[in-house]
Amino acid sequence: MKVGIPKALLYYYYGPFWEILFEELGMEVVVSDDTNKKLINEGIKASVPEICVPIKIFIGHSIDLAKKNVDYIFVPRMVSIYKGEVFCPKFMGLPDMIRHGVEGMEDKILTCHIKSKNDDISDYRNYIDVAEKLKISHDKLKKACEVASEKWYRFREYNKKGHHILEAIDMVNNDIKLESIKKYDNDVKLGVLGYVYNMYDGFVNMNVIDKLKDLNVDFVTFDMLDENELRKYIDDMDKVLFWTFSNKLLGAGYKFFRENEVDGVIHITAFGCGPDSFLGKLFEIESDDTKVPFMTIRVDEHTGENHLQTRIEAFVDMIRRKKAKAVMGG
Amino acid sequence: MKVTFPYMGTVIIYKKLLELLGHEVIVPPRPSQRTIDLGVKYSPEFACFPFKVIMGSYIEACEMGVDTIVTSGGHGPCRAGFYGEIHKRILHRMGYDVDVIIFDAINRDKDKFMENVRKIKGKNSWIKLSKAVKFTYDLLKQIDVFDKEIHRIKPYEEVPGSTYKAWQEIQKEFDLAYDKKQLKKAVERSREIINSIRLKKVDEREKIRIGIVGEIFVVMEPSINMEIERILGELGCEVERSQYLSEWVDFNLVPSFLKKTHEEEVLKKGEKYIEIIIGGHAKQTVGFIVDFKDRGFDGVIHLMPFACLPELVSQSIIPKISKEHDIPVLTLSIDEQTGKANNLTRIEAFIDLIRNKKLGKFVV
Numbered sequence: 001m002k003v004g005i006p007k008a009l010l011y012y013y014y015g016p017f018w019e020i021l022f023e024e025l026g027m028e029v030v031v032s033d034d035t036n037k038k039l040i041n042e043g044i045k046a047s048v049p050e051i052c053v054p055i056k057i058f059i060g061h062s063i064d065l066a067k068k069n070v071d072y073i074f075v076p077r078m079v080s081i082y083k084g085e086v087f088c089p090k091f092m093g094l095p096d097m098i099r100h101g102v103e104g105m106e107d108k109i110l111t112c113h114i115k116s117k118n119d120d121i122s123d124y125r126n127y128i129d130v131a132e133k134l135k136i137s138h139d140k141l142k143k144a145c146e147v148a149s150e151k152w153y154r155f156r157e158y159n160k161k162g163h164h165i166l167e168a169i170d171m172v173n174n175d176i177k178l179e180s181i182k183k184y185d186n187d188v189k190l191g192v193l194g195y196v197y198n199m200y201d202g203f204v205n206m207n208v209i210d211k212l213k214d215l216n217v218d219f220v221t222f223d224m225l226d227e228n229e230l231r232k233y234i235d236d237m238d239k240v241l242f243w244t245f246s247n248k249l250l251g252a253g254y255k256f257f258r259e260n261e262v263d264g265v266i267h268i269t270a271f272g273c274g275p276d277s278f279l280g281k282l283f284e285i286e287s288d289d290t291k292v293p294f295m296t297i298r299v300d301e302h303t304g305e306n307h308l309q310t311r312i313e314a315f316v317d318m319i320r321r322k323k324a325k326a327v328m329g330g
Numbered sequence: 001m002k003v004t005f006p007y008m009g010t011v012i013i014y015k016k017l018l019e020l021l022g023h024e025v026i027v028p029p030r031p032s033q034r035t036i037d038l039g040v041k042y043s044p045e046f047a048c049f050p051f052k053v054i055m056g057s058y059i060e061a062c063e064m065g066v067d068t069i070v071t072s073g074g075h076g077p078c079r080a081g082f083y084g085e086i087h088k089r090i091l092h093r094m095g096y097d098v099d100v101i102i103f104d105a106i107n108r109d110k111d112k113f114m115e116n117v118r119k120i121k122g123k124n125s126w127i128k129l130s131k132a133v134k135f136t137y138d139l140l141k142q143i144d145v146f147d148k149e150i151h152r153i154k155p156y157e158e159v160p161g162s163t164y165k166a167w168q169e170i171q172k173e174f175d176l177a178y179d180k181k182q183l184k185k186a187v188e189r190s191r192e193i194i195n196s197i198r199l200k201k202v203d204e205r206e207k208i209r210i211g212i213v214g215e216i217f218v219v220m221e222p223s224i225n226m227e228i229e230r231i232l233g234e235l236g237c238e239v240e241r242s243q244y245l246s247e248w249v250d251f252n253l254v255p256s257f258l259k260k261t262h263e264e265e266v267l268k269k270g271e272k273y274i275e276i277i278i279g280g281h282a283k284q285t286v287g288f289i290v291d292f293k294d295r296g297f298d299g300v301i302h303l304m305p306f307a308c309l310p311e312l313v314s315q316s317i318i319p320k321i322s323k324e325h326d327i328p329v330l331t332l333s334i335d336e337q338t339g340k341a342n343n344l345t346r347i348e349a350f351i352d353l354i355r356n357k358k359l360g361k362f363v364v
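Which chain is which? The protein sequence lines are A and B, in order.
Under the UniProt record's numbering, the first residue of the first sequence carries the number 1, and numbering increases by one thereafter.
Under the UniProt record's numbering, the first residue of the second sequence carries the number 1, and numbering increases by one thereafter.
If you're looking for bench data, these hints aren't it; they were derived computationally from the structure.
Hints may be right or wrong, so weigh each one.
Here are the simulated distance ranges between beta carbons [unchecked claim]: (1) B:172 with A:120: 55 to 65 Å; (2) B:65 with A:186: 29 to 39 Å; (3) A:45 with B:353: 22 to 32 Å; (4) A:132 with B:191: 42 to 52 Å; (5) B:117 with A:207: 33 to 43 Å; (6) A:260 with B:117: 49 to 59 Å; (7) A:321 with B:41: 44 to 54 Å; (8) A:308 with B:323: 34 to 44 Å.
Computed from a prediction, not measured in an experiment: that's the story for all the values here.
Each residue gets a CB set at the ideal place from its N, CA and C atoms; glycine is no exception.
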C-alpha cells in the first residue's frame with residue numbers, strides 16, 4: 001500500500017520520523033515533489049483565497065500526491081506538543097479542511113490526533129487511528145514508533161549541533177558523520193526566525209538560505225537551539241503565546257535580541273500568518289528596546305525575487321558598515 | 001477608577017455591571033471611521049480586524065481619560081485570547097498609562113483571576129458583587145429577547161424605520177434600570193413599545209429567514225458589519241444571529257452542571273465537519289449552518305474578519321455543507337475597507353436568488 005506524505009508544513013520537522021514510521025509499518029512511502037510553480041498553483045485553486053500560503057502549499061502537495069495514485073495521504077491533526085499550548089487553528093482543522101474542502105480527498109485522508117507533552121511525538125498511542133485504518137497490530141506500531149523515534153532524535157541532535165534542518169535531514173539519510181561537515185566562520189552572524197516550512201522550503205522563500213551563504217553570513221535558527229533553553233527566555237512573561245512553534249520563535253528571538261550574540265535578526269513570515277502578526281509585533285518592540293537591527297521578510301505566492309535580494313543585501317551591508325564604524329570610532 | 005471595555009454589541013450590559021460596582025464608566029464612542037483609522041494605524045498590519053477596531057476604541061477611550069480597561073482573555077488557539085496583551089503593550093508605548101485587566105479562565109490561574117476580581121470589586125462587599133452580577137445577567141437575558149424579536153418583525157413594519165426607533169427606546173429603558181423593580185418596569189415598557197409597532201400581514205410562505213453565523217465580533221457589532229441585520233431587514237428578511245451575548249455568557253461562564261445550552265447541541269451538529277474545537281467559533285459556525293437549516297431558515301450569511309484563522313477553516317468547508325444540506329451560504333469577509341457597495345450588491349443578489357428559489361418551489 002502506498003502512503004503519501006506531503007512535503008510541506010511540519011514535514012520539515014517531523015518528516016524524518018513519519019517517513020521511517022510508515023516504512024517500518026510496511027508501507028511504500030511517497031513524498032511529494034519539491035514545491036514548484038505548478039504545485040503551488042494547484043493548491044491556490046483548491047483553497048480559499050484568504051488563507052495563508054503555507055496552507056495553500058500543503059494543499060498543493062496533497063493534490064500532487066493524489067495524482068501519484070497513493071492509497072492514503074497522511075494529514076495529521078496537530079493538537080498540542082506542550083502542556084497548555086496548542087497549534088494554530090489551521091493546523092488543528094487541517095484534515096477537516098482537506099477532507100471536506102478539496103474534491104476527491106474524502107476517502108484518501110489518513111489522520112490521527114497528535115498530542116504530546118513535548119517535541120517528541122513518537123508515543124504510539126498518537127497513531128492508533130492510523131494503525132487501525134491500515135489494519136496493523138499495536139505491537140508492530142509500537143516497534144515502528146521506536147525505530148522512527150531513534151532516527152528523529154539523531155536528526156534533532158545534528159540540527160542542534162548547528163546544522164540547519166535540510167543539512168541535518170541529509171546527514172541522517174546518508175549516514176554522514178557529524179565531523180565531516182565544515183563550520184563557517186564569517187564576520188556577520190544573523191538570527192533568522194521563521195517557521196520551518198517558511199525557512200526550509202526553498203521555493204517559497206526564494207532560497208534565502210543560499211542568499212545568506214552567498215553573502216558570507218552565518219546564521220542561527222530556532223531549531224538549532226535546545227527547546228528548554230528557548231523556554232527560559234519566555235518564562236517570565238505574564239502570558240505566553242498559545243502556539244508552541246510561535247513560542248519557540250519568541251524564545252529564540254528574545255535570546256538573539258538580548259544576549260548580543262547576533263548582529264541582526266531577520267523574521268521570515270508568510271502573508272496572512274495570524275500568529276506572526278502578534279509575534280512580529282513583540283519582536284519589533286524588543287528590537288526597539290535592544291537596538292538590535294531587525295527586518296521582516298514576508299513571503300507569498302509571488303515569485304519575483306529581486307526585491308528580496310536587494311533587501312537582504314542592504315540589511316547585511318548596513319550591519320557591516322555599522323560594525324566597521326564601531327571599530328573605527330573605537 | 002475610570003473604566004472602559006471593548007465595544008461590542010449591546011454595550012449597556014458591561015456599563016451596567018461596572019456602574020453597579022461604583023466605578024466611573026467611560027463608554028467609548030461607537031466605532032466610526034476615525035476609530036478604524038486609529039486602530040489600523042497603531043495595530044500590526046496583519047492583526048485581525050476586531051483587534052484593530054478595539055485598538056482604535058481603546059485609544060479613543062484613553063483620549064477621554066480612561067485609566068483602566070477591563071477585557072476578557074483566552075487561551076487560544078484563536079488570536080483573540082491574546083488581544084489584551086498586545087493592546088496593553090501598544091498603549092503603553094504610545095504613552096498611555098492604563099491598567100489593562102484581563103480576565104482569563106479561572107481554572108488556568110486562580111490567583112490571577114481572584115486578583116482581577118478584587119480589583120474590580122473594589123470596596124464593595126462580595127454580596128454586592130454577586131448581586132450586581134446576577135442583576136446584569138438577568139438584564140442581559142431580557143434585552144436579548146427583545147434584540148431577537150426586533151429583527152424578526154423588522155421586515156414587516158408598516159412605517160419604515162419604526163422598529164429601529166423602538167429598539168433605541170428599548171435600550172434607553174434598560175439603560176435606566178438599576179434594580180429589580182426598575183428592570184421589571186423596563187421589560188413591561190419595552191413590551192408595550194414593541195406591541196405598538198404596526199405590522200403588515202405577510203403570508204407565511206413569502207417570509208424569508210436568514211441566519212447570520214461567524215466570528216463573534218463581526219456578527220455582534222453592527223457598526224462594523226455594515227449593520228447587516230438592518231440591511232437584511234430592509235430587504236424583507238427576518239434575521240437571527242448565531243451569537244447573542246447572553247448565550248455567550250451561558251456557554252462560557254455558567255458552570256456546565258447548571259445548564260443545557262443550545263450551543264452544545266449545535267456543536268454536535270458541527271462535529272461531522274470539524275471534529276474538535278479549533279478556536280474562535282469555527283465549529284459553532286458549521287454547526288449553526290446545519291441548525292438554521294433544520295429550523296427552516298432559507299439561507300445563511302457567514303461573516304468573518306479578513307484572514308480570521310478559525311473561520312478560514314469553516315469557510316473551506318462551507319461549500320460542502322451548503323451542498324449536502326441544500327442551504328445557500330454567502331461568505332463575507334470584513335476588513336478596514338469600508339466601501340459598502342460591493343457587499344450590498346452581493347447581499348441583494350443573494351437574497352434575490354433565495355426569493356426566486358422559494359417562489360419557484362410554490363409555483364411548480
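Against which earlier hints does the structure fall short, listed by number upward?
Structure breaks hints 2, 4, 5, 6 and 7.
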